[in-house]
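S.K.: Sequence:
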Amino acid sequence: MAEADAQVAAASADEPSAAGTSSGWGLPALLVAAVVGAFADLLIVGRALRVETPLNVALGVLLTGSVWIVSVAAAQWLFSLVPRVLGDMAWLKAATPAGLLAGFAGSGMGVAGLYGWLWYLVTYRHGAGLIAAAGVLGAVVLGLVAAGLFVALRRQLGRLDLSGRGLTAPRVLKVGAALIAGGMVVASVVLWRVLLSTGAVGWIPVAAAAACGFLVNRKRTRRRVAARRVVVLSALVVAGVCIPVGRASAIGLATGVAKWPLVAVIQLSDFDRDGTPWLPKAADCAPFSKDRHPAAREIPHNGIDEDCDGSDEAPVFKRPEQRPFKPRVPRPDLLLITFDATRADHMGFMGYRRKLTPNLDRLTKRGVVFRRAFSQDSGTGPSFWSLMAGKTPFQVALEQAGRFPPQFAASERLLAEELTRLGYSTHALLCGYVFAGHWNIRRGFDSYREVCGKRTRDEAQVVANEASVKVRSLAKGGPFFLWVHFYDPHHPYQSHPELKLGTARIDRYDEEIKFTDAHFGRLLAQIDGALAKRPHYIAFTADHGENFDEHGRDQHARTLYREVTHVPLVIAGADVVPTMVDVPVAMADINPTFLQLAGGDRTPASTMLSLAPALFGAPLDPTRVVFQENSWSRPRRHQKAAISGRYHLIVDQSLGTQELYDLESDFGQRRNLIGTGLSAETRLAKAMRAFLTTTKLPPELR
1 MAEADAQVAA
11 ASADEPSAAG
21 TSSGWGLPAL
31 LVAAVVGAFA
41 DLLIVGRALR
51 VETPLNVALG
61 VLLTGSVWIV
71 SVAAAQWLFS
81 LVPRVLGDMA
91 WLKAATPAGL
101 LAGFAGSGMG
111 VAGLYGWLWY
121 LVTYRHGAGL
131 IAAAGVLGAV
141 VLGLVAAGLF
151 VALRRQLGRL
161 DLSGRGLTAP
171 RVLKVGAALI
181 AGGMVVASVV
191 LWRVLLSTGA
201 VGWIPVAAAA
211 ACGFLVNRKR
221 TRRRVAARRV
231 VVLSALVVAG
241 VCIPVGRASA
251 IGLATGVAKW
261 PLVAVIQLSD
271 FDRDGTPWLP
281 KAADCAPFSK
291 DRHPAAREIP
301 HNGIDEDCDG
311 SDEAPVFKRP
321 EQRPFKPRVP
331 RPDLLLITFD
341 ATRADHMGFM
351 GYRRKLTPNL
361 DRLTKRGVVF
371 RRAFSQDSGT
381 GPSFWSLMAG
391 KTPFQVALEQ
401 AGRFPPQFAA
411 SERLLAEELT
421 RLGYSTHALL
431 CGYVFAGHWN
441 IRRGFDSYRE
451 VCGKRTRDEA
461 QVVANEASVK
471 VRSLAKGGPF
481 FLWVHFYDPH
491 HPYQSHPELK
501 LGTARIDRYD
511 EEIKFTDAHF
521 GRLLAQIDGA
531 LAKRPHYIAF
541 TADHGENFDE
551 HGRDQHARTL
561 YREVTHVPLV
571 IAGADVVPTM
581 VDVPVAMADI
591 NPTFLQLAGG
601 DRTPASTMLS
611 LAPALFGAPL
621 DPTRVVFQEN
631 SWSRPRRHQK
641 AAISGRYHLI
651 VDQSLGTQEL
661 YDLESDFGQR
671 RNLIGTGLSA
681 ETRLAKAMRA
691 FLTTTKLPPE
701 LR
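So the sequence shown is residues 1 to 702, counted in the numbering used here.
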């Protein structure tokens, strides 16, 4: 009897446990998921943002650990319901091969369509909120389409004798599920950028945690449970640690699981809704007063510290001191040539390893190269309206600022308007859908055209053709100002196989620059021929640079780091003394420069500095501070920056953080020098406080 009982006990140990019982490994799974997930997210969020304050670390561990615990617990609970829902699998026995095939085909097409829709949104639309809302709407529509396909296919396949061909329902189920799972894995690898841009990568560890909940809830023998523990641990380690460690700089804030609860807590801490949250650094010194926050205007000697800088003194902003200048030639023609999204360090004349810009390099032989030129914003709109007004983006008075593009207030005096007063005809030939419609920058131009329409590649040849015709026409009349904008280097980057630079994203970007330079060369030849006997100046620059995973995932328009604001700037023309200038200058300095070359002067409210004297050998002030700001990013973050000498100070007013970088020894901006005792920190912080008195965000953007 004892032997029989032992045999029964041994046999029962090898059988699956009764439905509804647990493997006993649920609590360890929760703890492993919470700890690994929390610290994996900290690697993403903390390292990428450099805001590893004790409070942020505590919040990251608490919030992320909570997300992971909930995900595993929810998965365990949901999968515990599976036996009750499925019962004896009668639904599968009743399913037909035709129905299953139609279901897999419809769902497969729906998933493929959703991937394509997300790719379109990420490529052509900006803003996490917009992408998320449109993505959900697209998923609903595609679900309805998939359901329609299912009904139609089931009807057609039902007319065939599939069972007679060996296609049984269980076999179709297994093969179909395997194909869809494999297809999703392949699509995820191919469309990795979509996952990055939509924040989906951060949920891969959560999916691993959910799988953990599923696996530990399966009723298996002890041997199989032990094997699954190894699998689960491996999945958690790989998904939670290897991914963020390998791509920390690429994933950035946007893909950490901790982002969503952390951002929610930060936003909720803006108790008075003045645009400055109290967390994470108590940046808002008066969290319950709308009149006191870092962006507020300081009223001196009233006993109140409005701008939270610890002082009741109002900093005084001083415009850069302008040197007097007498034009060398009367009313020369002025040409502004701009490339979109073009980094300074990818220019041949800036020492790039690839010779992408032979025609621009040729232009530098008769001009001044400003090696440290910085745009005033990292987005096209604010950067160009800054240039047109001769100010930083939000020193400019704007109307309807909640809509894009906002309009200039009537009080603003714009470059085209000022040149018109000086006797110039003014013209713009621009490429890019962002320039269509009622754009604010068209004000003051005698003619303004977006020339590329719906064309999505090889736009440079269209721009060069149109501009060449325009130059020949304008050469028959009086002095003119012509602005020509090339759009090709903007993402998405098109491949140019004839250039054979490679297939990586940065290779295609370089191909776009080289392709654009070739057509710029054709335009330059036309300019040299048509204006050979007319004095003229050509300024070449870009609206912003481009990010390739140096700081986060977005190409541009989200931060103020060097890679997205360091732009090429060359000015060539009559009697210019060719040289290289290493003093920091502003891209928007072109505004007063052109006005001085035309015989005028900078407008009274302009905060930029004319570079005209430097074109003929005069030195620039090495102590000048160049300012930047970005408040048009989506989701909204208010950032300001100041550059002087070799140092770059970046202040994030939304997060209450500061960063200081040495652009000479730390070109990639990886080592934050705030708090290390540098005198540059004190000097730039003082200049920043003064600058903040001159810039005011419209209420719609706060």
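Rather than coming from a laboratory, the hints here were simulated on the basis of the structure.
Some hints could be false.
Calculated pairs, DSSO-like style, for lysine-lysine (alpha carbon to alpha carbon, straight line, at most 27 Å) [said to hold, decoys possible]:
hint, residue 1, residue 2
1, 365, 355
2, 476, 174
3, 686, 696
4, 533, 326
5, 365, 326
6, 365, 533
7, 533, 355
8, 476, 533
9, 686, 290
10, 500, 174
11, 533, 290
Ranges of calculated distance between the beta carbons of each label pair, as one might list FRET restraints [unchecked claim]:
hint, residue 1, residue 2, range
12, 319, 685, 17 to 23 Å
13, 151, 672, 56 to 62 Å
14, 522, 322, 34 to 40 Å
15, 685, 290, 23 to 29 Å
16, 155, 495, 41 to 47 Å
17, 522, 675, 50 to 56 Å
18, 494, 675, 42 to 48 Å
19, 447, 534, 16 to 22 Å
Note that the Cβ used here is the ideal one computed from N, Cα and C, for glycine as well.
S.K.: Is it true that the CA of residue 686 sits at most 27 Å from the CA of residue 696?
M.R.: 18 Å, holds
S.K.: Does residue 326 sit within 27 Å of residue 533, going by the straight-line distance between their CA atoms?
M.R.: 21 Å, holds
S.K.: For a C-alpha distance cap of 27 Å, please report whether residue 476 and residue 533 respect it.
M.R.: 11 Å, holds
S.K.: Assuming the hint says 41 to 47 Å, is it satisfied by the Cβ distance from residue 155 to residue 495 or not?
M.R.: 42 Å, holds
S.K.: Holds or violated: are the alpha carbons of residue 686 and residue 290 at most 27 Å from each other?
M.R.: 23 Å, holds
S.K.: So does residue 151 sit 56 to 62 Å from residue 672, Cβ to Cβ?
M.R.: 58 Å, holds
S.K.: Mind checking the alpha carbons of residue 365 and residue 355 for me, to see if they're no more than 27 Å apart?
M.R.: It holds: about 16 Å lies between the C-alpha atoms, which stays within 27 Å.
S.K.: Given the hint of 16 to 22 Å, is the C-beta distance from residue 447 to residue 534 inside that range or not?
M.R.: With a Cβ separation near 19 Å, residue 447 and residue 534 satisfy 16 to 22 Å, so the hint holds.
S.K.: Just to be careful, I want the Cα atoms of residue 500 and residue 174 compared with a cutoff of 27 Å; is the pair within it?
M.R.: Violated - the C-alpha atoms of residue 174 and residue 500 are around 44 Å apart, more than 27 Å.
S.K.: Taken at face value, is the distance from the CA of residue 174 to the CA of residue 476 at most 27 Å?
M.R.: 75 Å, violated
S.K.: When you take the CB atoms of residue 319 and residue 685, is the distance between them in 17 to 23 Å?
M.R.: 19 Å, holds
S.K.: Straight-line Cα separation of residue 365 and residue 533 no greater than 27 Å?
M.R.: Holds. Residue 365 to residue 533 sits at ~19 Å (cutoff 27 Å).
Consistency note: the structure conflicts with the earlier hints numbered 2, 7, 10 and 11.
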